[in-house]
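With chain S fixed as given, assemble chain E onto it according to the hints.
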Amino acid sequence: MSNLLSLTTFLPILGVLLLLFIPKDSKGTLRNVALATTVVTFIVSLPIMFGFQSNAEFQFVENIPWISAGPFVMRYFVGIDGISLWLVILTTFIMPIAVLSTYTAVEEKVKEYMILLLLLETGMLGAFISLDMFLFYIFWEVMLIPMYFMIGIWGGKNRIYAAVKFFIYTMVGSLLMLVALIYLYFKGVEAGFTNFGLLQFFNLQLPLATQVWLFLAFALAFAIKVPMFPLHTWLPDAHTEAPTAGSVILAAILLKMGTYGYVRFAIPLFPEAAHKFAPLIATLAVIGIIYAALVAMVQEDVKKLVAYSSVAHLGFVMLGVFAFNVEGITGGLLQMINHGVSTGALFLIVGFIYERRHTRLITDFGGLSKQMPIFATIFMIVTFSSIGLPGTNGFVGEFLVLIGAFESELRWWTIIASSGVILSAVYMLWMFQRVMFGELDNPKNQKLADLNAREIVIMVPLIVMIFVMGIYPKPFIDKMDPAIKKLVSQVRPLSMSAQKMSEAQPSLPSGHTGIEMPAGHPGMSPETDSHAAPVANPHEAK
Amino acid sequence: MDMIIIPAVNFTPILPEIFLSVLAMVLLLINVFVPGDRKAYLGYLSFFGIVATGVLVGAGWGGHIESFSGSVVLDNFATFFKMIFLVAAGLAVLISDQYMEREQCNHGELYPLILFCVVGMMLMASGTDLMTIFLGLEVMSVSLYVLAGFNRSNKKSNEAGLKYFLLGAFSTGFLLYGMALTYGATGTTRIAKIAATVGQMTLPSTNIMLVAGMLLMLTGFAFKVAAAPFHMWTPDVYEGAPTPMTAFMSAGPKAAGFAAALRIFLVALPTLQVEWSQVFWILAVLTMTVGNITALRQDNIKRMLAYSSIAHAGYALVGFAAGNPTGTAGILFYMLSYAFMNIGAFAIIILVGKKGEANGNVQDFAGFGVKHPVLAVAMSIFLFSLAGMPPTAGFIGKFYLFSGAIQKGYIWLAIIGVLNSAASVYYYLRVMVYMYMKDSTEEFDWMQVTAPMALCVAISVAGSLIPGIVPSIILQFAQQAIKLI
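First to last, the protein sequences are chains S and E.
1 is the number of the first residue of the first sequence in the working numbering; add one for each residue after it.
1 is the number of the first residue of the second sequence in the working numbering; add one for each residue after it.
Careful: at least some of the hints might be erroneous.
[Said to hold, decoys possible] Some chain E residues well away from chain S (every beta-carbon gap over 10 Å; in silico):
1. 104
2. 107
3. 154
4. 391
5. 438
6. 479
[Claimed, not checked] Restricting the straight-line Cα-Cα distance to at most 30 Å, the calculated cross-link-like pairs of lysine-lysine (DSBU-like) are:
7. S:485 <-> S:370
8. S:157 <-> E:438
9. E:371 <-> S:157
10. E:155 <-> E:355
11. S:27 <-> E:438
12. E:483 <-> S:27
13. E:371 <-> S:24
14. E:156 <-> E:354
15. E:438 <-> E:371
16. E:355 <-> E:39
17. E:354 <-> S:109
18. S:24 <-> E:438
19. S:165 <-> E:193
20. S:157 <-> S:447
21. S:165 <-> S:109
22. E:156 <-> S:187
23. E:354 <-> E:39
24. E:155 <-> E:39
25. S:109 <-> E:438
26. E:355 <-> E:371
27. S:109 <-> E:371
28. E:371 <-> S:165
No lab work stands behind these hints: they were computed from the structure.
For every residue, glycine included, the Cβ atom is placed at its ideal position computed from N, Cα and C.
In isolation and in its complexed conformation, chain S is listed as follows (with noise of 0.2 Å):
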């Protein structure tokens, strides 16, 4: 099928036309369909997992006219590679989980907390999916309100604090960008370029000096979002404040927005300006990755511990990424996904906790363990993907960044990042210990159930992908890595950008049609290759 990605990306919104329908007070039929959205979703998104062929090419792309007026050409112009793949596989993964995780920690206002759920699944698939950057920046844009009304209205007591906070931050970012995305779009015009489609600009050779600016407002758009420091304050307000599914959905997916727009735009079209402030940005990386991890050592609440751990893998994130070579960059984009695993994992079982006891704070709970064993089994088994214990995910993606960063120029960023990895140790175990270990004094913790069905259920696959991800992350790897190859040979170092120009440009696709898809590959999904491997990667050996 051709147009597979706009099924997917636009089925929740037929999810939200069948939720108008459904009278308010019927909140079991609300969520049922609700998860049957976002299953559908995913299960119409396999094929796209599975058809996708190992290049660099972008696949299942579609190109249609949109708006045509004055200087400016819009088309509904989607496809993914390599990159957003996975992040696309992730969101519609994720989804589900979210759902189910609000089964019973929203009883209020159902109906219009399933509307906004489903809307934001639209807008973020929309935004990883766009190859058209006007296309793209209105789902940047879109993706703001579902988040807004999510945090403002079923969150804690600081939330409409919280709500305002993450909408204008972001949109202060945005409007920027929107700015340098209209500057681009008239230096394309006079390059000769008649539409919005992102590819072409890829080869818009600007001087140094407009890519400066024009990268400095993309970045800052997408710094927010990651969130880099310093401009990480708003994080921890909206994730305390956020319902369960909220935080969820912003540390599995909206976060990724943020790193996702610098692999996709800001590094690739200002290649030059990106190399020039690779230390900078490295710097505020690495800040990132020591300072938030200091932070969470000292929080009293479990959630905002968790927010914070969120800053400092993100950190490890971009540190990857500016490395500009196959491996930071490859395993930027399996901590991407292995951040919105664990991380996810992670609010879902803080949200667990606080469903129970209305409290997050550390000092409140104490040998859970022996009260709930099965939660203290996949709490520790998502704490140790957290950390990146080898055989976990987590370390899979930590050490390919770590080893791409040290080889390439920040080997000094490299060596003082890699204490992050011990820092985050720390903080983990101590508050897994001082939570599910000791005494189980507090009378209040000592009549707690343990999970039942419907939140193993939540947690099994991501413990799963915990693991498949750990073990044999190759495909996964595979996949990337023909977009990725491109990617560094986009951004190749100014010394080499002559070279670059003469390899590169046969390879990016000139015409944008459709892309007849074989049928997909049979044994590509992790699920089915279960036997034990040891960390493959196919940049090693090199």
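Below, chain E without anything else, positioned relative to chain S:
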């Protein structure tokens, strides 16, 4: 002497104006026979009259007819703006009856006055002679002064009417003086002839009389569109005037001011563009910033929208400063979108409000989202559109306005514009915060959603949303409209 010879007159270009004037006069007569509690019928009649005029105006699309020896023209530019005025008037008529009934000032003269005001605005848009434009402006303004003070038992409304009259008359003086000086410098009031004369001057920017005339006209228009620092009348007038008239004033006459200014500056004085675009640059920055910063602190939602309407005039001025097809098409698009989203928002304010203009604070919207989900969603759409969030018409409008500035090379103007836009988000969000995020025991049981109200909200939602998703349906007309001037 061509004054004595009566030229052949083609009435086609002013058919809509004639139709509306006749309708207004007929309504005035009918009014005498309509009892006090049945004034709504006048509203229905004028609404259908406006729709019929819309058909009449629309039929003239694509034509180009000059008449009255070149002092009035029928072109796409005029047609587009006439449509904006009709949209604003039509929506305002729909929301008037319920409000006027509640405030006990349901006098039948309201509707003819709105129609006369539209006639004036139409003349401003189609006038190609400074005198015609001035004539239109006066017809419009005099009707507006009365409309602003229409609630004669309300002190604030009286204040609004008087204030608007005094300052309006003052600004008209500026405008007229500017026109006189321009006539002195060029020897004509015909826009095309001014352009030709100025085009032949060796250094028009050193002609003091011409430049002074231009600046005085600019000041006059800045008053009319409420651009800072000539905006001082706006908040008081907008707050005091009956709410439907506030909605109408913020959309229609503002667009009319831009229509006339666009024609004068782009057609008559393109040779001075370097000069006037600098002035508009400064005006735009001041207007956006003053409007947004003062709106941040308002609790009264009507007053907040008044200040925000100053900011919106500032956004449109960004497109004016750019003065290129992208920016000017943006103005046309934006003015139309603004009519939908702003009048829509005012419709909701009228619904929530109580007698005596009570219940008009942001805080009074607490719990609205729960009790009236559909209306609250509509209000959210209007507010997001005003804030310029995609996928609404407000976003596309701003996109074109700022693009025009960027294309022209005014990057900083665009940056100041988007930062203003981000600041404005705060006060628009604030309404939504109260609607959805604050709990309230309020039942909103006094609210009556009458059919005209519902129709107005529905049309406004469509007008704020559809052009945001498929902008070409409006933009292509806007672009054809600016081609001819």
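Quiz item: Which hint numbers does the structure go against, in order from smallest to largest?
Solution: The structure conflicts with hints 4, 5, 6, 7, 12, 19, 22, although it agrees with all the remaining ones.
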